[in-house]
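Student: Under the numbering used here, the residue at position 16 of the sequence shown is numbered 17, and the numbers go up by one with no gaps.
Derived from the structure by calculation, the hints contain no laboratory data. The reader is advised that the hints may include incorrect statements.
[Stated by the list, open to error] Have a look at the derived ranges for each label pair, beta carbon to beta carbon:
| # | residue 1 | residue 2 | range |
| --- | --- | --- | --- |
| 1 | Ile182 | Ala97 | 45 to 53 Å |
| 2 | Gly165 | Trp64 | 27 to 35 Å |
| 3 | Ala98 | Ile186 | 51 to 59 Å |
These numbers were taken from a predicted model, which means no experiment stands behind them. Cβ atoms here follow ideal geometry from the backbone N, Cα and C, with glycine treated the same way.
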Amino acid sequence: GLGIYGGLLGGILGITLYCFWQKLNPIQYLDFIAPNVVLAQAIGRMGNFVNQELYGPATDLPWAFHINPAYPCQIPKELPQDIQYCGSAVISPETAAWYASHGYHPTFFYEAIWNVLMFGLMAFIIWKFGARLRRGDAILMYLIAYPLGRFWVEMFRPDAWVMGTLATAQWIAIGCIIVAIILLILRHMGWHGQGDPHESMILMSGQSQQARMENTPQAGVA
């Protein structure tokens with residue numbers, strides 16, 4: 002679908018198929034792109050700001066998002082009948098005053114901020130602890146951190162698709178988090194870090210191949 006989870010599923014499937022076709026390791030490539038995808042998502046959320054869409058419920062907080070009625074937008078549900086739609090050719094003073102006095106939670110900014118923080122945290126963890134991580138850990142971290150933030154943001158989304166007591170995206174977030182945590186635990190049971198460099202994320206941690214070779218004990222020459 003057009004939702005982010007559908008896009009992620011399609012992207013993961015596409016990368017996996019391409020890597021198998023080229024005889025590459027798909028897990029390694031998913032690790033490479035995971036931090037970059039979350040940063041791209043933060044940038045992409047600015048499109049919601051430009052389109053004046055996917056905002057949250059009404060609020061009078063200082064950082065509330067105010068719709069500019071001169072441009073098209075997602076029509077507020079509580080729009081009075083005597084107030085014009087945003088994007089109308091001519092905006093009446095009453096319409097301009099109504100939009101100026103009604104603010105909304107900028108959920109796109111909330112998610113963008115979360116994504117930027119997540120990018121910084123993931124980059125730091127990979128740089129600092131890359132030798133202790135296993136290939137696949139970066140994408141699993143993403144599948145924990147992003148859904149966690151998305152679950153919270155969905156609570157401010159009155160337009161969310163709902164299944165039972167939660168939004169559809171929240172159910173998906175719960176599933177992603179549970180599965181990713183279980184996989185992290187199972188994959189690290191008996192894992193000894195640098196003891197198996199072919200499975201380590203050490204190459205993503207900034208330590209060069211030469212440095213690793215220098216740290217490897219060499220057999221003596223007879």
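Student: A separate judgement is required for each hint: does it hold in the structure or not?
Tutor: Structure-based check of each hint:
With their beta carbons about 49 Å apart, isoleucine 182 and alanine 97 fall inside the hinted range of 45 to 53 Å. Judged by the Cβ atoms, the range 27 to 35 Å given for glycine 165 and tryptophan 64 holds: they are separated by roughly 31 Å. One distance hint, 51 to 59 Å for the beta-carbon pair alanine 98 and isoleucine 186, holds here, with the actual separation near 56 Å.
Checked against the numbered hints given earlier, this structure breaks none of them.
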